[in-house]
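Engineer: Sequence:
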Amino acid sequence: MVQIPNLRTVNVTRYITALREGGSLPAIAEADDNFNYVLKFKGAGHGTKALISELIGGEIARLLGLPVPELVYANLDEAFGRTEADEEIQDLLQSSQGLNLALHYLSGAINFDPVVTTVPAKLASQIVWLDAYITNVDRTFRNTNMLIWHKELWLIDHGASFYFHHSFSNPEQQAKTPFALIKDHVLLPQAALLEETNAEYKALLTEDKIKAVIALIPDEWLQWEGIEMTPEQIREVYVTFLVTRLANTELFIKQAQDARQALI
1 MVQIPNLRTV NVTRYITALR EGGSLPAIAE ADDNFNYVLK FKGAGHGTKA
51 LISELIGGEI ARLLGLPVPE LVYANLDEAF GRTEADEEIQ DLLQSSQGLN
101 LALHYLSGAI NFDPVVTTVP AKLASQIVWL DAYITNVDRT FRNTNMLIWH
151 KELWLIDHGA SFYFHHSFSN PEQQAKTPFA LIKDHVLLPQ AALLEETNAE
201 YKALLTEDKI KAVIALIPDE WLQWEGIEMT PEQIREVYVT FLVTRLANTE
251 LFIKQAQDAR QALI
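If you're matching positions, the sequence shown starts at 1 in full-length UniProt numbering and goes up one per residue.
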């Protein structure tokens with residue numbers, strides 16, 4: 001019996017400050033459970049597709065035992081944005097009314113610096129495997145998207161994953177491609193155990209578990225302009241992509257190994 005992943009829903013009660021990193025303008029906000037969150041807005045940049053990437057990437061990482069801050073659905077009331085002085089942020093808040101996504105805010109965390117911190121080969125291999133699997137283009141030296149919190153490494157920001165969904169055509173063919181951009185991964189030099197990790201993760205990540213993660217995507221995030229598909233049909237495309245890619249991991253493992261050999 002597959003344990004169904006479950007996300008809590010919180011209501012955003014206070015907008016604290018914008019995090020002016022990248023083009024999506026995430027924010028620190030307080031919710032009605034008295035915790036602070038990094039709030040990702042459906043009205044930003046790539047819209048709900050970025051939230052879907054964040055959700056799927058984060059929950060697959062969690063299934064694989066990797067450290068990811070808790071993800072929650074975050075309701076944004078229509079009152080938000082009325083008192084915000086910055087017009088850009090005001091527009092963002094107004095266009096993001098309803099259900100958004102948030103990550104538990106790791107207070108006091110610092111950005112991972114590969115010069116300062118050496119990641120063990122097993123953990124590095126696990127993270128490289130994850131990012132090659134979900135086609136995450138954004139874990140580079142320039143932007144590591146990892147934090148050190150309480151002396152542990154935490155993964156954040158998977159919103160740039162699953163770039164196939166920006167064209168949303170032929171998911172099976174897209175799934176059977178290697179991931180050339182893995183050459184820029186910040187942890188690739190340490191990822192010496194990719195074969196072992198591949199065997200472990202292929203046994204751990206089943207089709208039922210993948211379907212359980214995809215089922216978390218809310219219907220309102222799947223109302224895409226120009227796409228004549230129901231939310232359930234769109235979910236099935238994600239399942240097809242992930243199941244097919246899992247059956248063809250040798251493609252991206254070889255790409256990563258070749259790229260690593262070129263580095264070392």
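Hint data in this document are derived by calculation from the structure and do not stem from the laboratory. Since the structure is predicted, the reported quantities are computational estimates derived from the model, not experimental observations. Don't be surprised by glycine CBs; every beta carbon is placed ideally from N, CA and C. Please note that the accuracy of each hint is not assured.
[What the hints assert, rightly or not] Simulated restraints on C-beta separations:
#, residue 1, residue 2, range
1, Arg-14, Asn-111, 21 to 27 Å
2, Thr-118, Leu-19, 38 to 44 Å
3, Thr-118, Asn-11, 40 to 46 Å
4, Ile-110, Ala-215, 32 to 38 Å
5, Glu-232, Thr-9, 18 to 24 Å
6, Gln-261, Lys-122, 15 to 21 Å
7, Glu-78, Gln-223, 29 to 35 Å
8, Glu-232, Lys-122, 22 to 28 Å
9, Glu-88, Ile-110, 24 to 30 Å
10, Glu-78, Lys-254, 24 to 30 Å
11, Glu-232, Ala-262, 41 to 47 Å
Engineer: Hint by hint, say whether it matches the structure.
Structural biologist: Going through the hints against the structure:
1. Arg-14 / Asn-111: 21 to 27 Å: 25 Å, holds
2. Thr-118 / Leu-19: 38 to 44 Å: Hint violated: Cβ distance 27 Å, outside 38 to 44 Å.
3. Thr-118 / Asn-11: 40 to 46 Å: 41 Å, holds
4. Ile-110 / Ala-215: 32 to 38 Å: Taking Cβ atoms as reference, Ile-110 and Ala-215 lie about 35 Å apart, which means the hint holds.
5. Glu-232 / Thr-9: 18 to 24 Å: 21 Å, holds
6. Gln-261 / Lys-122: 15 to 21 Å: 19 Å, holds
7. Glu-78 / Gln-223: 29 to 35 Å: Roughly 18 Å apart at Cβ, these two residues miss the hinted range, so it is violated.
8. Glu-232 / Lys-122: 22 to 28 Å: 38 Å, violated
9. Glu-88 / Ile-110: 24 to 30 Å: At roughly 28 Å between Cβ atoms, Ile-110 and Glu-88 fall inside 24 to 30 Å, so the hint holds.
10. Glu-78 / Lys-254: 24 to 30 Å: 50 Å, violated
11. Glu-232 / Ala-262: 41 to 47 Å: 43 Å, holds
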